[in-house]
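A.B. asks: With the hints as your guide, set chains W and F onto chain G.
For the record, the sequence lines run as chains G, W and F.
One rule links them: number in my numbering = place in the first sequence (from 1) + 5.
One rule links them: number in my numbering = place in the second sequence (from 1) + 3.
One rule links them: number in my numbering = place in the third sequence (from 1) + 1.
Simulated from the structure, these hints should not be mistaken for lab results.
Just so it is clear, CB atoms sit at the ideal spot from N, CA and C, and this is done for glycine as well.
Keep in mind that the hints are not guaranteed to be accurate.
What the hints assert, rightly or not - Per the computed footprint, the stretches of chain F lying under chain G, defined by three or more beta-carbons under 8 Å from a beta-carbon of chain G, are:
(1) 50–61
(2) 83–91
What the hints assert, rightly or not - Result set (BS3-like, lysine-lysine): computed pairs, CA atoms no more than 25 Å apart in a straight line:
(3) W:K10 with F:K218
(4) W:K101 with W:K114
(5) W:K87 with W:K10
(6) G:K30 with F:K134
(7) G:K265 with F:K6
(8) W:K68 with W:K23
(9) F:K37 with G:K90
One letter stands for each residue in the lines below.
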Amino acid sequence: MQTNNSFSFHRLVLLFKRSLIINKKRFAIAISAFSGILFITLVWAQASVNFSNWGEHAYLSTFVSVFLSLGISYAAFSFPAFRSKEKSMTYLMLPASAAEKFVFELLSRIVAFIILMPLLFWVIANLEGALVHHYYPELINYQLSFGKSLTEATKDHEFNQVIFLIIQMVLFGFIAAFTGASHFSKSPLFKTLLTFSIIVISYILFSLFLVKAFDLLQGLSAGNKGMHFRGNTDMVIIVFKIGFTLTNLVLLAIAWFSLKEKEA
Amino acid sequence: MEFKNTKGIFLQIADNISEKVMEGKYPPGEKIPSVRDLATEMGVNPNTVMRTYSELQSRGIIDNKRGVGYYVSNEAIGIIRQWKRQEFFETDLPLIVKQTRILDISFEDLKPYFESILNSNPHENQ
Amino acid sequence: MIQIKDLHFAYPRQQALFNSLTADLRAGSITGLLGKNGAGKTSLLKLLTGLLHPVSGELSVMSHAPRKREVSFLNDVFMVPEEFYFPTISILDYLKAYTPFYPRFDLELLDRILVEFELGKERNLQRLSHGQKKKFLIAFALATRCRLLVLDEPTNGLDIPSKALFRKIIAGYLDEDQLVIISTHQVKDVENLIDKIIILDNGEIIFQHTIEEISQKVCFVSGTSKDVEGAIYCEAIPGGFRLMMPNGHAETEVDIELLFNAITNGYKIG
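Pulled out of the complex, with its shape left as it was, chain G reads as follows (with noise of 0.2 Å):
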């Protein structure tokens, strides 16, 4: 019998089969869950406002700290079988290939959350202001369009060149959750978190000290004031993109080996 080792969709598909018959409950109750919570949030918030003018900013600004919260915790437990040594066993010995276990955790982690997520709350959220309005007509702008949110952000030309790296941000938050969950086995989330913040703390200082060090504010109050990115907002953006980007690569390509090198 010849055995195809690398990658097999048949293989992928039987992944998500497996994770479906095992989690419907977990699944079911989660997305209740969430449902209702928002819907009630909803109400409690236009409330709140009297049933008066609502509108996209309002439900936006719900949506954004929802979709990150909610999406970097959820990828923060990806490999679900890592948090406990029993369950590695059985998901390591399982009869399908590192890519396949690997693609498996990121499209059902990431990206079914970043699709499934805004489409569950576009339902709810136009749902809770359909019939909110029906008993309270006073309510106007309670319909939510993704649509015309984006066209009305992308409206301002700043904003439309940051877009990208305002995406590569979020993937970050959700890809660095991620490759901290292949690599810590208990509280991941919260290793995750403490890694990033000694990582970004020690850049900082190691920013400062290099400053004090060097009196490189002293060159800079000589008249060299933003020698490299001066009244350049473009260039910024695009180091940071470029910068985030292969982050980004890089900590997929830690998350892969982490799977791969597992032990149990």
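C.D. replies: Frame of chain G; chains W and F shown alone:
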């Protein structure tokens, strides 16, 4: 099935099959269980049962009909009797004789007991 | 089927567990892996199944390097660990989720074993007792028809009738091309079931013989005196002594416990 005595397992199984042949449970010409079936029944390693069957086959007690299974040979009863008698004289009897010497029992002392045991269990002595 | 040569393994920041393991295991056997606590039995099983990675040396299992965890390796090896986890789903759902990963899975065989173990398929796995879960996992392992089955303390937690049933099932439902490795302290549970014994001690395989070889080389007898000429090893038992002696002419039942104690105390069977 419990294996109490110290004979090797494959010999214990051979004894067991031989006994069944002598008792008429497996008459000559009859098929005996396959290696796998017997291994399952007793929870014994199939390789051990295989060894038993090789031993019985080399003694001429069973025949292997290729692809069909193992059958009790026509001469099985004679062979087993011959084999067991030899085993009795070589292994069991010396132990009894040794006991009689320790307990100072003469051949004459034994005779009445021998006969009474023989008569009380006529069905076991065939 | 399994070739191990000069295998070196150590856990991170610990001294070496295996310095130079060498072994050769063939298909068509039920092999018992024995060793004292901490001798590294479970670690060796994990190395064989790719859950741990050797530091150096050769390790080939069915022509695969286990550490690569290739699909063609994983779908041909199944391990029943001592501690395991089941999701909160019914046996039926579990089968739906996991059997498609094993190309040779034999549902009919599974049904037969589940009937013998008295496990209904509609039962929820989380609501089974530890022993019942273990029986299900053993049944599943056999039904995968994987060529390598690795069982770590399989009889721990099984009730008395289940232990006999376990022996019958292992003895009865294996093919010639399969190899079963059973790591255990419960030698009575696997007596007559295993046909080969491997003893692991101080990071080395100090003994590797088939039961047939052992019973041809030595015999195990009970006696009233320990001063028997030629005796290799002897232990006191109620009412006398158990002795391991060079085999004269008749084969005796192999006393695995006595053998184990003799070997780990440095005696050789010649």
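A.B. asks: Could you work out which earlier hints the structure fails to respect and list their numbers in ascending sequence?
C.D. replies: As far as the earlier hints go, not one is violated by this structure.
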